[in-house]
Amino acid sequence: MTEARSETWLAPSVPVLLIAVLIIAGAEVGGASMVKFKLELARWARGTMLARPDTHGLVGVRDVDEQILDEALVKFDAGLRLFHMHAEGMGTIIIVSTMVATTLVRAGAFRRAIVLLITVGGAGYPLGYLLWSALIPFYGIERGKTLAEWMVWIPFGGAAIVALWMLAGALALRLVRR
Amino acid sequence: MRRPPLVLVFVAVLMIALGETAGAVLSQLRPQTERYARARVKANASVHGLVGAADYDAEVTSRAVFTAEAGLSFMHTHAEGLGPVILLAGTLAATAVPWRRMRAILYALFTLGALFPLGYLVYAVAVLEAGRDEGTALAEQYVLTPLGSAVILALVGLVMALGRGRPRAA
Chain A
137 MTEARSETWL
147 APSVPVLLIA
157 VLIIAGAEVG
167 GASMVKFKLE
177 LARWARGTML
187 ARPDTHGLVG
197 VRDVDEQILD
207 EALVKFDAGL
217 RLFHMHAEGM
227 GTIIIVSTMV
237 ATTLVRAGAF
247 RRAIVLLITV
257 GGAGYPLGYL
267 LWSALIPFYG
277 IERGKTLAEW
287 MVWIPFGGAA
297 IVALWMLAGA
307 LALRLVRR
Chain B
931 MRRPPLVLVF
941 VAVLMIALGE
951 TAGAVLSQLR
961 PQTERYARAR
971 VKANASVHGL
981 VGAADYDAEV
991 TSRAVFTAEA
1001 GLSFMHTHAE
1011 GLGPVILLAG
1021 TLAATAVPWR
1031 RMRAILYALF
1041 TLGALFPLGY
1051 LVYAVAVLEA
1061 GRDEGTALAE
1071 QYVLTPLGSA
1081 VILALVGLVM
1091 ALGRGRPRAA
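Read top to bottom, the protein sequences are chains A and B.
If you read the first sequence in our numbering, its first letter stands for residue 137, the second for the next number, and so on.
If you read the second sequence in our numbering, its first letter stands for residue 931, the second for the next number, and so on.
Check the hints yourself; a few may be wrong.
Stated by the list, open to error - If the Cβ cut is set under 7 angstroms, some of the chain B residues that face chain A in the computed set are: (1) F940; (2) I946; (3) A975.
Stated by the list, open to error - Pair by pair, the computed Cβ-Cβ distance ranges are: (4) B:I1082 - A:E207: 27 to 33 angstroms; (5) A:R242 - B:V955: 39 to 45 angstroms; (6) A:E207 - B:S992: 16 to 22 angstroms; (7) B:R965 - A:A168: 19 to 25 angstroms; (8) B:M931 - A:A245: 45 to 51 angstroms; (9) A:E176 - B:E989: 37 to 43 angstroms; (10) B:R965 - A:G193: 22 to 28 angstroms; (11) B:A969 - A:P151: 35 to 41 angstroms; (12) A:V157 - B:I1082: 29 to 35 angstroms; (13) A:D190 - B:Y1072: 26 to 32 angstroms; (14) B:Y1072 - A:R242: 36 to 42 angstroms; (15) B:S1079 - A:V197: 55 to 61 angstroms; (16) B:Y1072 - A:V197: 28 to 34 angstroms; (17) B:E989 - A:R242: 52 to 58 angstroms.
No wet-lab data here; the hints were simulated from the structure.
Note that the Cβ used here is the ideal one computed from N, Cα and C, for glycine as well.
Please take these sequences and the hints and turn them into a complete structure.
See the structure below:
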């Protein structure tokens, strides 16, 4: 890539842009659905938890059980909110950082690795919050969190973090070599 | 669209990477972070006003630890948000501001302002080392206010330049 070419931004490939836009659109739909179906979602989560008293430590005493259910419902709602926020943010980060990589990282294989890791990691990571919310009624807050961590947050979030440091390193190298 | 100078792009990407990492630290290393924060509050007992009464000290310590964790959380959100904003604003300056000197000033202010989220890292550390109120004031006065002002000034300059200038020739 010539210096003159890298004076203007190069767009990332269409599949990368499509994934980023899809995750942003998913975030928007998620946010709207949280508001529109708030009652239905809470009712479903509550019903699912009541059907699994052992999982949630429900003892049949109304005062105790209501507190446990409330706490789980707050976390269930928090998971949906965090999905909304992180999907909006990560969609933007995918577009911006892959554009930087496409324009400024010269080594082809290294550039492709950065773009792939940011795209897959950035798109997958927010889904972990959705998964956590879905798991809470079935497995409880902590067990649901552990599952979401190992299945989504650590692998996908880790991929995005590694890719961003690779990109920062490539830019630093380019700055030093100028 | 033209791209801004490499140093601006580097600082913006660095902030995004730091923001992501801060988020991971907050979530995966929460117990270790909290333990470290509690140890620092205990080591700086006098600046935190610990008096040796267990109930009172526990409340003061918890407030300081909560404030320090909030600093890390703010760093995570601000770095993720400001990084893309700086890249976009820098791109607008590179593409649409026709005056070379004005562009150079805007680039300098945006690059400096991109470091704003680091102010929250300073905030988190300062709260533990200098006390909650003193630490917050230090971070605000010496880091957050100057760097935040640089971004605001640059954005005002960009708006004025966009309002007055013709786009740069291709």
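So, going through the hints one by one against the coordinates:
no. : hint                                 : verdict
1   : F940                                 : 4 angstroms, holds
2   : I946                                 : 6 angstroms, holds
3   : A975                                 : 33 angstroms, violated
4   : B:I1082 - A:E207: 27 to 33 angstroms : 40 angstroms, violated
5   : A:R242 - B:V955: 39 to 45 angstroms  : 31 angstroms, violated
6   : A:E207 - B:S992: 16 to 22 angstroms  : 19 angstroms, holds
7   : B:R965 - A:A168: 19 to 25 angstroms  : 40 angstroms, violated
8   : B:M931 - A:A245: 45 to 51 angstroms  : 27 angstroms, violated
9   : A:E176 - B:E989: 37 to 43 angstroms  : 40 angstroms, holds
10  : B:R965 - A:G193: 22 to 28 angstroms  : 27 angstroms, holds
11  : B:A969 - A:P151: 35 to 41 angstroms  : 48 angstroms, violated
12  : A:V157 - B:I1082: 29 to 35 angstroms : 30 angstroms, holds
13  : A:D190 - B:Y1072: 26 to 32 angstroms : 54 angstroms, violated
14  : B:Y1072 - A:R242: 36 to 42 angstroms : 39 angstroms, holds
15  : B:S1079 - A:V197: 55 to 61 angstroms : 56 angstroms, holds
16  : B:Y1072 - A:V197: 28 to 34 angstroms : 54 angstroms, violated
17  : B:E989 - A:R242: 52 to 58 angstroms  : 56 angstroms, holds
Hints 3, 4, 5, 7, 8, 11, 13, 16 from the earlier list are contradicted by this structure; the remaining hints agree with it.
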